[in-house]
Amino acid sequence: MSTLTITQDGRSAQFTAPRRRPVRPSAVGRTILLALFVLVSLFPFYWIVITSFKTNADLERGTHSLLPTSFTWSAYKADFSQYDYWHNVLNSALVAVSTTAITVVVASAAGYALARTRMRGRPLMLGFILIAGFFPIMAMVGPLFLTFSHAHLIDSFWTLIVSYLVYTLPIAIWFLANFFSQIPVEIEEAAVVDGLTRLHALFRVIVPVAMPGVLTAAILSFILAWNDFTFALSFMQTPSKYTAPLAINNLGHSQFQVFPNMIDAAVVVVTIPIALLVLAAQRRIVSGFTSGSTK
Amino acid sequence: MATIDEARDTPDRQTRPPKTRRGTLLAQDRRLGYGLIAPAIVLLLAITAYPLVYNIWNSFHYAVPDIPFVNGKLAGLANFRRMFSTGSVFVPALVHTVLFTVVSVAIEVSIGLVLALALNRPFRGRGLVRAAVFIPWAVPTVVSAEVWKEMFDPQQGFVDYALKLLHLHSATITWLANTDTSWVALFVADAWKNTPFVAIILIGGLQVIPAEIYEAAKIDGASPWRQFRRLTLPLLKPALMVALIFRTLSAFLVFDVVYIMSNGGPGTSTETLAYLDFNAFHVDNDYGFGGAISLVLIVLCLLIAAAYTRIFRERA
Numbered sequence: 001m002s003t004l005t006i007t008q009d010g011r012s013a014q015f016t017a018p019r020r021r022p023v024r025p026s027a028v029g030r031t032i033l034l035a036l037f038v039l040v041s042l043f044p045f046y047w048i049v050i051t052s053f054k055t056n057a058d059l060e061r062g063t064h065s066l067l068p069t070s071f072t073w074s075a076y077k078a079d080f081s082q083y084d085y086w087h088n089v090l091n092s093a094l095v096a097v098s099t100t101a102i103t104v105v106v107a108s109a110a111g112y113a114l115a116r117t118r119m120r121g122r123p124l125m126l127g128f129i130l131i132a133g134f135f136p137i138m139a140m141v142g143p144l145f146l147t148f149s150h151a152h153l154i155d156s157f158w159t160l161i162v163s164y165l166v167y168t169l170p171i172a173i174w175f176l177a178n179f180f181s182q183i184p185v186e187i188e189e190a191a192v193v194d195g196l197t198r199l200h201a202l203f204r205v206i207v208p209v210a211m212p213g214v215l216t217a218a219i220l221s222f223i224l225a226w227n228d229f230t231f232a233l234s235f236m237q238t239p240s241k242y243t244a245p246l247a248i249n250n251l252g253h254s255q256f257q258v259f260p261n262m263i264d265a266a267v268v269v270v271t272i273p274i275a276l277l278v279l280a281a282q283r284r285i286v287s288g289f290t291s292g293s294t295k
Numbered sequence: 296m297a298t299i300d301e302a303r304d305t306p307d308r309q310t311r312p313p314k315t316r317r318g319t320l321l322a323q324d325r326r327l328g329y330g331l332i333a334p335a336i337v338l339l340l341a342i343t344a345y346p347l348v349y350n351i352w353n354s355f356h357y358a359v360p361d362i363p364f365v366n367g368k369l370a371g372l373a374n375f376r377r378m379f380s381t382g383s384v385f386v387p388a389l390v391h392t393v394l395f396t397v398v399s400v401a402i403e404v405s406i407g408l409v410l411a412l413a414l415n416r417p418f419r420g421r422g423l424v425r426a427a428v429f430i431p432w433a434v435p436t437v438v439s440a441e442v443w444k445e446m447f448d449p450q451q452g453f454v455d456y457a458l459k460l461l462h463l464h465s466a467t468i469t470w471l472a473n474t475d476t477s478w479v480a481l482f483v484a485d486a487w488k489n490t491p492f493v494a495i496i497l498i499g500g501l502q503v504i505p506a507e508i509y510e511a512a513k514i515d516g517a518s519p520w521r522q523f524r525r526l527t528l529p530l531l532k533p534a535l536m537v538a539l540i541f542r543t544l545s546a547f548l549v550f551d552v553v554y555i556m557s558n559g560g561p562g563t564s565t566e567t568l569a570y571l572d573f574n575a576f577h578v579d580n581d582y583g584f585g586g587a588i589s590l591v592l593i594v595l596c597l598l599i600a601a602a603y604t605r606i607f608r609e610r611a
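As you go down the protein sequences, you meet chains A and B in turn. Position one of the first sequence corresponds to residue 1 (our numbering), numbered consecutively onward. Position one of the second sequence corresponds to residue 296 (our numbering), numbered consecutively onward.
Errors might be hidden in some of the hints.
To be verified - With the Cβ distance kept under 8 Å, some of the chain B side facing chain A (calculated, not the full set):
no., residue
1, 356
2, 359
3, 360
4, 361
Unchecked claim - If you anchor each label on the Cβ, the simulated ranges turn out as follows:
no., chain 1, residue 1, chain 2, residue 2, range
5, A, 215, B, 502, 26 to 34 Å
6, B, 577, A, 272, 28 to 36 Å
7, B, 506, A, 46, 33 to 41 Å
8, A, 186, B, 506, 26 to 34 Å
9, A, 272, B, 605, 53 to 61 Å
The set of hints was computed from the structure by calculation and includes no laboratory data. Using N, Cα and C, we set each Cβ at its ideal position, and we do this for glycine too.
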């Protein structure tokens with residue numbers, strides 16, 4: 001657990017006697033370093049928030065202070081009334097929630113099959129799922145676009161959802177298979193003795209017991225689907241079906257004059273749910289990647 | 296499992312010879328397994344294998360609906376040869392892609408390692424600090440790209456203003472109008488978003504290192520730097536490899552941040568391979584050439600992954 005002192009001490013070892021316990025200077029150094037990281041991470045958000053509340057007249061003067069210089073909700077109102085931005089946010093929510101729900105159900109089933117049944121070809125399937133997880137899908141956006149347009153599936157939310165599953169399923173299956181295999185078999189046996197079928201036992205007993213793991217898989221799936229830009233840009237053509245990231249990009253390339261405060265207001269709206277999610281779940285996010293990378 | 300099997304026995308089954316009974320239950324168990332995993336396998340195959348095969352076919356054909364008299368004809372290697380013909384922007388884009396990958400991965404992994412080490416040790420308020428630095432990773436790329444596009448904007452931005460405030464540079468820099476400064480803006484935006492990802496993976500790696508080995512090292516009088524070099528770094532290798540592979544592959548396929556911030560410009564000076572691929576499919580409607588670029592990208596990604604695996608296995 002004392003890994004940190006080590007690097008910190010790489011810098012501050014000169015201040016400390018070799019065999020003494022550490023170490024004020026290293027603690028101070030770490031605090032400054034962390035403060036710097038927090039500042040660099042959050043300052044751009046501060047900038048976007050204050051710009052989103054600026055009046056157009058204020059914006060025309062250019063940057064002239066680090067503090068807020070004017071306050072108006074007009075950019076937010078314009079986004080929502082003139083540009084129907086709420087529509088795009090709802091589209092994003094619909095797609096992200098659907099992707100998450102499907103990921104959880106399909107990955108729970110597959111994870112259970114891998115962890116708890118004696119089917120043949122298990123290593124093969126595990127290998128395939130791992131390869132699918134590393135498959136460079138971003139190189140496949142064009143071919144996917146072509147496939148979907150031949151199937152007349154362009155401009156459909158299902159197309160987006162199914163595409164996101166390539167990302168979310170391998171991670172979620174891998175993660176849940178690990179999680180399920182750690183749950184004591186007795187819990188499932190008790191459920192079966194009580195007369196549940198194994199399928200019922202999976203969704204009524206195993207999944208609830210594995211809820212921390214399921215939640216982690218769900219959070220990562222939601223973030224992936226909520227954040228996508230490239231798939232939406234390739235597969236969605238009608239502006240009313242755009243997801244929020246696509247709508248933001250569209251504002252930036254609008255033929256009418258769009259002030260930065262409008263782009264920033266849209267950015268703030270799309271960021272708030274994600275920021276809240278990270279605040280609530282940072283521990284789960286770390287644990288999700290931990291089990292993913294060590295097993 | 297045996298207990299489950301017995302629990303589910305019904306009287307009529309018990310009359311059958313035991314071996315058959317076990318066989319059926321095993322078969323039942325297997326059938327359940329296949330049934331449960333089938334949706335995932337079918338979905339993943341449908342979205343990866345079919346388009347891949349279709350794309351390989353396309354890349355060896357002329358697939359240009361706008362030019363009907365060649366459309367669908369066999370092209371041999373013509374689509375691949377076109378990449379290296381005079382005036383092609385493929386080779387410059389390959390150079391840009393490699394530059395972007397090497398620089399951004401180097402920045403992200405080195406800073407990410409420092410960040411992970413700083414965040415691994417318990418301190419008061421660690422959860423909040425972690426959340427604060429993870430947020431940039433979790434926001435959409437559109438957000439990171441628009442945020443930094445605006446930070447670097449000479450009118451509304453922060454960077455030019457801060458440089459003037461500190462008397463470091465008095466003239467206004469239009470960052471996204473020059474090639475060199477465009478790259479700087481792209482590196483900053485990409486590192487801001489992806490460094491926390493590297494840190495998250497590495498924190499995961501640090502958490503599984505047992506604390507006792509450091510106690511032993513301290514007793515042996517190893518200096519902190521030596522502990523880091525001899526213990527932390529080698530034990531962090533699996534996590535480092537995961538972070539490196541993920542980041543290298545996704546930097547190599549970079550599209551969105553370039554599309555939003557610089558749109559490949561000024562001119563074609565920040566175009567990457569994935570950017571060319573997108574243009575081939577969505578601007579030129581040339582699915583043969585686009586398919587060929589996709590195929591080259593996939594093969595290069597496989598080579599990168601194979602190279603990493605080999606390097607890390609040799610060093611292990």
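Okay, the hints, checked on the actual structure:
1. 356: Residue 356 of chain B check fails; min Cβ-Cβ to chain A is 12 Å, beyond 8 Å.
2. 359: violated, 12 Å
3. 360: violated, 10 Å
4. 361: violated, 14 Å
5. A:215 with B:502: 26 to 34 Å: violated, 19 Å
6. B:577 with A:272: 28 to 36 Å: holds, 31 Å
7. B:506 with A:46: 33 to 41 Å: The hinted range 33 to 41 Å holds for residue 506 of chain B and residue 46 of chain A, with Cβ atoms some 37 Å apart.
8. A:186 with B:506: 26 to 34 Å: Given about 32 Å between the Cβ atoms, the range holds.
9. A:272 with B:605: 53 to 61 Å: violated, 44 Å
The structure shown violates the earlier hints numbered 1, 2, 3, 4, 5 and 9.
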